[in-house]
Amino acid sequence: MKSGLWTWPIVLGVLTTVGLMSALLGDGVWDALSWVTLGVPVVVCLWYGWLRREKPAA
Amino acid sequence: MISPKAIRTWAWVHKWSSLVCTVFMLLLCLTGLPLIFHHEINHLLGTDVEAPAVPAGTPMADLDRVMATAKARNPSLGGMFVSREPDDDRVWYVTMSPTPTSTSGLKQVAVDARTAAPLAEPSLDSGFMYVMYSLHIDLFAGLPGTLFLGLMGILLVVATVSGVVLYAPFMRKLGFGDVRRERSTRIKWLDLHNLLGIVTLVWVFVVGATGVINTWADLVVKYWQNDQMAEMIAPYKGLPPPATHGSLQKAVTAALALEPHMKLGFIAFPGTSFSSPHHYTVFMRGNTPFTSKLFKPVLVDSQTGQITDSREPPWYLTGLLLSQPLHFGDYGGRPMQILWAVLDVLTIIVLGSGLYLWLKRRNPVVQRDLTEPERLAEAPAGANP
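Taken in sequence, the protein lines are chains A and B.
Under our numbering, the first sequence has 1157 at position 32, and the numbering climbs by one with no breaks.
Under our numbering, the second sequence has 297 at position 292, and the numbering climbs by one with no breaks.
Hints in this document: simulated from the structure, not taken from any laboratory.
For clarity, every value in this text was computed on a predicted model and none was experimentally measured.
Among the hints, a few may not be true.
[Said to hold, decoys possible] Calculated cross-link-like contacts (lysine to any residue; reagent style SDA-like; alpha-carbon spacing at most 20 Å):
no., chain 1, residue 1, chain 2, residue 2
1, B, Lys301, B, Leu269
2, B, Lys193, A, Leu1171
3, B, Lys268, B, Glu317
4, B, Lys193, A, Arg1177
5, B, Lys178, A, Trp1131
6, B, Lys301, A, Leu1150
7, B, Lys178, A, Trp1133
8, B, Lys178, A, Ile1135
9, B, Lys178, A, Leu1150
10, B, Lys268, A, Leu1149
11, B, Lys227, B, Asp130
12, B, Lys178, A, Leu1130
13, B, Lys268, A, Val1139
14, B, Lys193, A, Arg1178
15, B, Lys268, A, Asp1152
16, B, Lys193, A, Trp1172
17, B, Lys193, A, Leu1176
18, B, Lys178, A, Ala1157
19, B, Lys193, A, Leu1150
20, B, Lys178, A, Gly1129
[To be verified] Which bits of chain A does chain B cover? Going by a derived footprint, with three or more residues having C-beta under 8 Å, they are:
no., stretch
21, 1139-1153
22, 1166-1173
[What the hints assert, rightly or not] Which residues of chain A face chain B? A partial, calculated answer using Cβ under 7 Å:
no., residue
23, Leu1130
24, Trp1133
25, Pro1134
26, Asp1156
27, Ser1159
28, Trp1160
29, Leu1163
For each residue, glycine too, the CB sits at the ideal point set by N, CA and C.
Just need the whole structure built from these sequences, with the hints factored in.
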């Protein structure tokens, strides 16, 4: 098994959880925190899914 | 390390839980997209209610005048609910119905909260958003339709969990985010399915699970009625329901006096599923971002205007109320709505690619390209790889 297989999924899962919670708990800076933390998984999807064009290292 | 037999079992769970729910999930994702922006779309369609400007300091109109305005528009109907948008106290939405528990024949009148003038009569059963809403909530089939969609949601949760289990064996030889574009189209979409699936995992899980909880709303409210509500109205047990009701304004004033630090959420009329035959129930919301999502019911005797009881909502009602914003994505402004929409589209791609991978499963050219765990997952359960 490739080492660190779960590292990025766990990091992204934690970020999503923080994003879902923070806007619920506060306004202003808490909303902004949720936009950033929910934005990261979206950017990761777009980057690896469509924007990154070089050959992946196998 | 997960055994080949376990991989086959999980693959079977993933395949069937997904296959059964995918068509419905695609429908929910597509109809959910406009629902995220329902305010904006209603504004564009011109079906939202605009409150006219009034001189600063104009006092709020008496709620009994507001009701009289609504009643004048629908003389044969009685009051059901009075509500307003959390961020706009200039408009009351009065929902009226033939009986307090009717599910059809409902009418709504939007009334200016300052002047008690009628503003609009929003249609509750026609228009683009109504179709989107009905397809999303109950497939035009009432409570059975809602519960059926909840069941499909449970399958989505099962598909999500089994998909996570399968992520490891599929990614054994790949780095995070690798998409093998140089191989077959199917391999490319397999990698994209795994990538988008694992990255959107927590969001899909939360929106799916809270959607399931929302399908139980009617049942939860019914349970609350027989539980906490029954305790609160115990002194009225056996009394005949009153034929007429007293002042609504008096009831609301009493509730506001009891909870001066809370804001009015909505009012349920006597006899509705959110109240008792003898009470106006005034649902108060907190004034912090978190507590504003929660409601505390204040029961006011509809005859005397005196408060009967008010209790903190039980855990299951709190759970239901919190599952609403987490499903709707309406608690973090416009940027959150946009993120919700993008994540929704990414989910559509995960669902669509999953369906595509299943349709292309028996292509022999593709089979040759598979890695070992993929072949295990492709093989029928119990067969030797």
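(Q) For a quick check of understanding: which of the numbered hints are violated here, in increasing order? (A) Violated hints (numbers, rising): 9, 11, 13, 18 and 19; every other hint is consistent with the structure.
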